[in-house]
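**Q** Sequence:
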Amino acid sequence: FKCPVCSKFVSSDEMDLHLVMCLTKPRITYNEDVLSKDTGECAICLEELQQGDTIARLPCLCIYHKGCIDEWFEVNRSCPEHPSD
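In the UniProt record's numbering, the protein residues as written are 1 to 85.
No lab work stands behind these hints, which were simulated from the structure alone. Where hints are given, some of them may not hold.
[Unchecked claim] Here are the simulated lysine to aspartate or glutamate pairs, EDC-like style, with alpha carbons at most 16 Å apart: (1) K66 / E14; (2) K2 / E14; (3) K8 / D33; (4) K8 / D53; (5) K25 / D13; (6) K37 / E14; (7) K66 / D33; (8) K37 / D16; (9) K66 / E41; (10) K25 / E41; (11) K37 / E47; (12) K66 / D53; (13) K2 / D53; (14) K37 / E48.
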């Protein structure tokens with residue numbers, strides 16, 4: 001079965017527990033900042049992170065465009081690059 005929260009496929013006997021975990025797992029919070037220098041690319045949209053962009057720095061220290069991670073968190077509850085965190 002496909003989880004309606006995270007879209008992962010889970011066996012039917014694990015679905016109830018999985019749903020509880022998905023629905024109760026807290027969302028990650030992040031620090032918002034304005035990028036002071038070019039820093040590579042956003043792993044979500046694959047566009048460059050450029051000086052002046054509004055970014056989000058997660059607890060794992062990954063950096064994304066703020067708009068990209070906000071959209072990501074609408075359907076996911078973990079870092080795109082560190083899903084087990």
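**Q** Hints numbered earlier in the text: which of these fail when held up against the supplied structure?
**A** 1, 3, 4, 5, 6, 8, 10 and 13
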